[in-house]
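Work out the full structure: start from the sequences and follow the hints.
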Amino acid sequence: MIMRDTDRALVQAATAVAKLRCRSDNHTVAAAVRSTDGRVFSGVNVYHFTGGPCAEVVALGAAATQGAGELEAIVAVGDRGRGVLPPCGRCRQVLLDYFPSIKVIVGPPDGLRAVPIADLLPETYVWSDQQVEVPVAARAGVWPTPVVPGSRQAPED
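Take 0 as the starting number for the sequence shown in numbering that gives the first Met the number 0 and just add one per residue.
Hints are supplied without guarantee of correctness; some may be wrong.
What the hints assert, rightly or not - In silico SDA-like cross-links for lysine to any residue, where the CA-CA straight-line distance does not exceed 20 Å: (1) 18 x 61; (2) 18 x 84; (3) 18 x 0; (4) 18 x 82; (5) 18 x 8; (6) 18 x 83; (7) 18 x 107; (8) 18 x 39; (9) 18 x 6; (10) 18 x 46; (11) 18 x 81; (12) 18 x 78; (13) 18 x 79; (14) 18 x 108; (15) 18 x 80; (16) 18 x 45; (17) 18 x 77; (18) 18 x 105; (19) 18 x 85.
As the list claims (entries may be wrong) - Each pair of labels, with its calculated beta carbon distance range: (20) 50 x 118: 23 to 29 Å; (21) 131 x 108: 45 to 51 Å; (22) 48 x 117: 20 to 26 Å.
Note that these hints are calculated values from the structure, not bench results.
Even glycine gets a Cβ: it sits at the ideal position worked out from N, Cα and C.
As structure tokens, then:
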């Protein structure tokens, strides 16, 4: 897909955050995400030996805390001038699950492009497609009383 001016601005926003905030081994990647109303939210990864969230997930959390609705584009940028980085597999799955129409900016400096998240995760597992239909009462936290042959219902307390 062709890069729009707003996509280039998103890369610039993530790059600025990487330069400003990614100054240690704890924060090595910055991300910026744009909502459909044009607001931009950013985040940095939080490295920890147990895993820690990627910059894209932190940016999604920042957008959520600011009341962003639908998100339309996201980009991650590495520290020390590493440029645009593609999202890891976990981030790809999170992006697809939460924002299936989001575009992800990827590619080399001279060939950046905004691609649909589904293009980065073909033949994906779709969580909602794999769920067993649960009765409405169960979803509300109220389970029906099982019927046991030959039994009577207990009196109400």
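Results for each hint:
Between residue 18 and residue 61, the direct Cα distance comes to roughly 19 Å. Compliance with the 20 Å bound is thereby established for this hinted pair. At roughly 15 Å between alpha-carbon atoms, residue 18 and residue 84 fall within 20 Å of each other, so this suggested pair holds. With a C-alpha separation of about 27 Å, the suggested pair residue 18 and residue 0 falls outside the 20 Å cut-off, and the hint is violated. Straight-line distance between C-alpha atoms of residue 18 and residue 82 comes to about 11 Å, which keeps the hinted pair within the 20 Å bound.
Distance check on the hinted pair: residue 18 and residue 8 sit about 15 Å apart at the alpha-carbon level, within 20 Å; holds. Between residue 18 and residue 83, the direct Cα distance comes to roughly 13 Å. Compliance with the 20 Å bound is thereby established for this hinted pair. Restraint check: the Cα-Cα separation between residue 18 and residue 107 comes to about 19 Å, which is no more than 20 Å; the hinted pair holds. Pair hint residue 18 plus residue 39 holds up; C-alpha atoms about 17 Å apart against a cutoff of 20 Å.
The hinted pair formed by residue 18 and residue 6 meets the criterion: a straight-line CA distance of about 19 Å does not exceed 20 Å. A C-alpha spacing of about 17 Å is found between residue 18 and residue 46, which places the hinted pair at or below 20 Å, so the restraint holds. Distance restraint check for residue 18 and residue 81: the Cα-Cα separation of roughly 11 Å lies within the 20 Å cut-off, and the hinted pair is therefore satisfied. For the proposed pair residue 18 and residue 78, the alpha carbon gap of about 7 Å is at most 20 Å, so the pair holds.
With a C-alpha separation of about 7 Å, the suggested pair residue 18 and residue 79 falls inside the 20 Å cut-off, and the hint holds. For the given pair, residue 18 sits about 17 Å from residue 108 by alpha-carbon distance, which is consistent with the 20 Å threshold. Of the supplied pair hints, the one linking residue 18 and residue 80 holds, its CA atoms being roughly 8 Å apart against a limit of 20 Å. For the hint linking residue 18 to residue 45, the alpha-carbon distance of about 16 Å falls within 20 Å, and the restraint holds.
With a C-alpha separation of about 9 Å, the suggested pairing of residue 18 with residue 77 holds against the 20 Å cut-off. Distance check on the hinted pair: residue 18 and residue 105 sit about 19 Å apart at the alpha-carbon level, within 20 Å; holds. Note on residue 18 and residue 85: the hinted pairing holds, with a Cα-Cα distance of about 18 Å set against a maximum of 20 Å. In this structure the hint that residue 50 and residue 118 lie 23 to 29 Å apart at CB holds, the actual value being about 26 Å.
For residue 131 paired with residue 108, a C-beta distance near 46 Å keeps the hint of 45 to 51 Å intact. Checked against the hint of 20 to 26 Å, the pair residue 48 and residue 117 fails, with Cβ atoms roughly 32 Å apart.
Hints 3, 22 from the list above are not met by this structure, while the remaining hints are.
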